[in-house]
Every structure is written in C-alpha cells, then in structure tokens.
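Asker: Top line first, the protein sequences correspond to chains A and L. The working numbering applies: residue 1 is where the first sequence begins, and numbers increase by one. The working numbering applies: residue 1 is where the second sequence begins, and numbers increase by one.
Source of the hints: derived by calculation from the structure; they are not laboratory data. A quick note: this is a predicted structure, and the numbers were derived from the prediction, not measured. Possibly wrong hints are sitting among the right ones.
[What the hints assert, rightly or not] Computed footprint of chain L on chain A; a stretch qualifies when at least three of its residues, placed anywhere within it, have a C-beta under 8 Å from a C-beta of chain L:
hint, segment
1, 16-25
2, 70-84
3, 272-284
4, 346-353
All residues carry an ideal CB built from backbone N, CA and C; glycine is no exception.
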Amino acid sequence: MMFDLFRRMARAPAFDGAGLGTRLLARPVVSGCTLPPGTAGVAVDRAGRTRRTGAGGRIALLEGESGWCFHPGPYGCDLVPFAAAPEIGLRLHFAIDSPDPRVSQQRFDLFLASEAEGDLALDAFAARIEDALQRELAQGNLDLPPCTTLDEWNAFRAGFNQLLYTRFGVTVDDCVPVDLRPGRDFAEALRARAVHDAHEPCLGKEEAPAPATLAAKPATPSPATGAKAFDPAAEDARALRRLFLELPCLMCRVRQAALPSGQDQFRQQQSLLQRLDLVSLAAATMPALGLAAPGQPLGADQQLRRARHSVAAVGALDEAWALLARFELAGDRGLDVLFDDADRIVANLEHATGERKRVLAREEA
Amino acid sequence: MSAAVFRSLLADGGIVTVTATRRPGAPALAARMQEVARLARHTEARHDSREQVVISMDRAPGPQERDWELAVVLADRAVRGLLPHAPAPAPQLALGWSHDWQRGRIDGHDAATPPPGALLGGPRHLRHLGALTGQPDVSAAVSSARAWFPLHSGGINDSLCWVEVSVYPLDPGAAPDDEAIAAPGLDSARQHAVRQALAGARHFDGETASRWRTTVRFGQDGLHGNSYELALVLADRLARGREFRPRGRIIASGCSNAWHAGQVDAVEGLAPKCALIAREAAAGDRVLLPRAWEAGLPPGLRDALRAKGASLACVERIGII
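Kindly generate the complete structure, drawing on both the sequences and the hints.
Answerer: Following this line, the structure appears as structure tokens:
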C-alpha cells in the first residue's frame, strides 16, 4: 500500500507531445509532467491570470491553475484573403515569439487563457487568422487590391503583421502571395454548389417536395443552414469568458497606444476608457443566461436571443483588437478616423451587452 | 397616408420639427420591411449601432406585392453612404424581391412591363447586391463579375461601361471547343478578339485544360477600339476566383499585344479618359491604367482619387505583384 503511494508520487505523469510544433500549437498539461524539449509552459489561474512556467522541463502548477504546453514554431499555413477568390491566397509563416519582457502578460498567453479549449490545432488557429484578415479587408482597414503594387503590399504587410501580433501574439516570419490552384479548385467548388442548389428545395415555389426528399431531409441537414448547430449555452459562456478576460487587458493597452494629441482627443479618449470600463463591468456582472429573475427560468427563444448578442459583443471585441493594432501602427497620424472607429466599436459593445442583459427583446418589453 | 407637422423650441433656441405620419393598419408590412432591411444587413462588413435609419413609404402596397423590397434595401444602404456608385438620376426606380436577403440574393421581380431604366432584380438582371460593384456572388453556382472601362466617344457622351464575365465549370473531360467562350450580340471579329484576349490571359495563369464555359456581356453596344481588354481580363480573373477583390468597382483601361505574358500596353485617349475616371470614381474603386501612362497622368489625379477613397495603380503586368 505504502509502496504503491510512493511510486505514484515519484513517477511524473506522461505527457504526449506528439504533433506539437507541427499540427498542434498547444495542448493542455497536468501538473508535474515533463515538457518536451523546445516547448514552454503557461499556467492559467481561475481568474485568467497567466504566468510562464516549466523552466527546467517540468511544469509545476499551483492550486486551481490549469496548464498549457506550447511549441513556439515556426508554423506555416495558407490563407484565403477573400472568400470569393479561393484560388489566390497568402502563404504565411509565423512563430510564437519569445516573451517580451516589457509587458506584464504575453498576448499569446492571454489567447490561450481566453480562447483555447483542449488542443489548439494549427488549422483551427489558421481559420481564426483568416477570419480576422477577411474582416479587416472587407472593412477596408487593410487593403489588398487587384494588381497590388509594391508600396501597397508593404503597407498591407505592416498592418497584417501588427494585426497578428496584437490580436494573437504571434510574429510573422514571412508572408507571400501564392497560387492555391492545384490544391483548391474553384471549378470543383462551383460544381458542388450547383449540385447543392439542385437538391435544395426552392423556397420561392410552393411545390410539394417529393416524399423521398422529405424523408431524407432530417438525416442530412443542408450544409448552408445546419452545418454547425448553434448551442446557446456553450456559445454564451465562451463569449462571456472572452469579454471578462480580454476587456481589462484591452483597456490597458488602449490607454498606452491611443495617445491623444490635443484637448479634444484627450476628452474622447477619457470617455472611451470610461465607457469601456462600464462595458467590462457589465460583462463581469452579466445575469445567467437561463434565468429571467432569481429562480425564474427564461424561455429558450429568449436564451437564444441573449446568446446571439453575446456573440455579437465578441465580434465587436475582435474588431477592437484589430483597431488597437491600427492605433499601435499609426503613431499620431490619422487619429481622428481611429477615434471615430473606436467610438463605433464601443457603441456596438454597449449595445450588445445591454441587449444581453435584457430579459425580453426590446419590442416585447 | 397623411402627415401632421408641429414645431417646438429646444433649449438651444433652435426649432424642432415633429412629424407624425399615419399608416393605415399594415403591421405585417412594417414587420416585413424591417425584416428585409435587417436580413440584407447581414451581408455588410461593418456594423454600427450608433446609426438609426427610419424607412417609410408614402403608400401601402397590397399584401401580396413584394417588388418594393429591393427599394427598401437600397434606400437603407444609400442613406448610410454605402452605395457611392448608385446611378445618378435619383430617385432610382428599383423592383425586386428575395427569399434570401441574408445572402444578398435577389430572386426576381413581378412587374410584367417595367419602365425602361428601372433597376430590376432577378436571374437575368441584378442577381445579388454585390453585383452593384461587380463582385461575384459567393453562394451561386455561376460565378459572374463585372469590371468597368471608360468609353470615350467625343466628350459629352463619355461614360463608364461595364463588361461582365460569367463562368460555369465544364464537366471534366468535356471537349473544349470554340463555343466555350461566348459573347452574344457581338460581331464575329469582336467575338474573336474577346476569345483571343481571354485565352491568352488564361494561358498566362497556367490554365492548361479548359475548365470553364464562359459568357461575356457588355453594358453598351457599338464598342470601338480595344481598350476594354484589361477590364475584360480582370473581370474574368475576378469571376474565376483568381484576383484580389476591390471594395468597390474595378475601373480599367488597357490592351495588350501579349496577354499570354500578362503584359499591359497603352491605349489612346489618356486625357479624356482620366477626366472621366476622376469624375466617376467613388469610394472603394480601384483604377488600373497602363504603366506607359504613368508619366503623362494629369497632375493631381492620384490625390483626387485618394481623397475620394479610390486608389490608382499603373501596371505593366496583371497578376500577383
């Protein structure tokens, strides 16, 4: 008995680091296990504070902390900057930087604490980068026009590098335009759409669908609508966690980066920070998704409405990180436009968190 | 529908006007109007909760009528400055309805004999909202894109004309034939020129086997010259998903002796075309001109375009940098 206990304490739990550095960026670890060489550890406590650990190969976690092991890379992936142009892409090589001693918390550690669930795979991470890139291009904050000139390309690269550093905490080693053609065939995609359109019942016509398709429908949800079911409870919890953890860090960096250049801008900055503070407070004190009042459950449709507003708030949060990247790059040029955009994003955050708080939709209240 | 207007005074001394309009019982219509505008907003990249838009109609359409939907969507966008390219003679007549506004699609219009000049929605007209700036629909099986080129016809009649390229995948293994690139309504010499330009530019792309059935349409008849070629080639690349997307329209002028090498050569009419482009370009547009024109560009054109939110590049080759 005694012998058993000692043996269990002495032996470190095995950690499977397979795939780290190639198809995985990070994987959860338990305390006391040995990290593979070349990797680093991050400990996250219950309040979302992070610290680097694992120097000397073993990771030691305190009570209530969860641990991550990540490999700094380098990694490579292909991105599609425009959904409508799938054959032309960017080949990106990036790495997770060695820790910057000037900041109290590494951005990548915050990313792990706030967004990672289970293994962080390279393709899932690349999809997030692609999302951020596509949104910035669609909004016109980054520009990648047809027949890009060298100057325009350099401006794009500067903005993109800063976006990835500010939003994800990774540094870009290299990024070049590539022809994705052999791997991604647009003709195939169009053919698949034609097949899908032919099978989808046309809503415009009041035709009774054939019994065969009616029976087959529940088994195969159409890819346009049922590909990924929206789970209100999970999405809402994920969104609120992100708001709770990231808003304070975001405010701290906005204070440093968005330096006002005059009395008016100073006032603007103060009011933005104040409003962000209130949004942060609202996110931290958000009522439970499923309760209309203590002990009084809320209907499923209202829960769905609330969850959608949480997700909208996270969308605004993503935009806020992207805007912070633009602030950090801008220095003191064009601040008016950036402050106006900040005003819009904070208004969206206020709107979404306010709607999330509501028990009933506005029209019904 | 009748309206009552009253005035009142605000603390700053200014007059505030209060307008009340009566809408004879059509709650379903109001709900549908709101739904249409909200669904269509899903296709916009930038959400701004600070803005409130009030849309109203001066007459109530019948309960079965739906052609007003497109007008509501366009009004909702135009009032927020999202349609800088909207045709000049406002108010534009727009007819169209959709079951799929959240994807920006327009399914059709009901009017049997629409007046000339009306903006019509539907399969053979405006198929989706992005088409207003020439962008392909990301959910349609036929990919079609537009690019614009300046049409110089003696000063007063100068205008921007569009060229539209629609591509549909050929069955794998289908024999490529001459008809795979069709340009209905053009004479045979110009059809041949269009085919030559597209075949050359696709060869430059490394397209070995022919993959597409292609249809080319022009906004106006009676073209002359070959300065439309660059716009044609770019619309084709956009439709085939091989070109970065501008936020607005592509406006291009240029031809080539060697499309198979991706080369862009100069065309005639620098001064009038630049003047036209400076007048017509709007926010988000991408202007592409031959490199040979760079030295002769009117001073201030670049800055004027940038001030409008458009961008200009002089290129000697198409494709990635």
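Asker: Evaluate each hint against the coordinates.
Answerer: Structure-based check of all given hints:
1. 16-25: Since 0 is below three, the answer is violated.
2. 70-84: holds (count 4)
3. 272-284: violated (count 0)
4. 346-353: holds (count 5)
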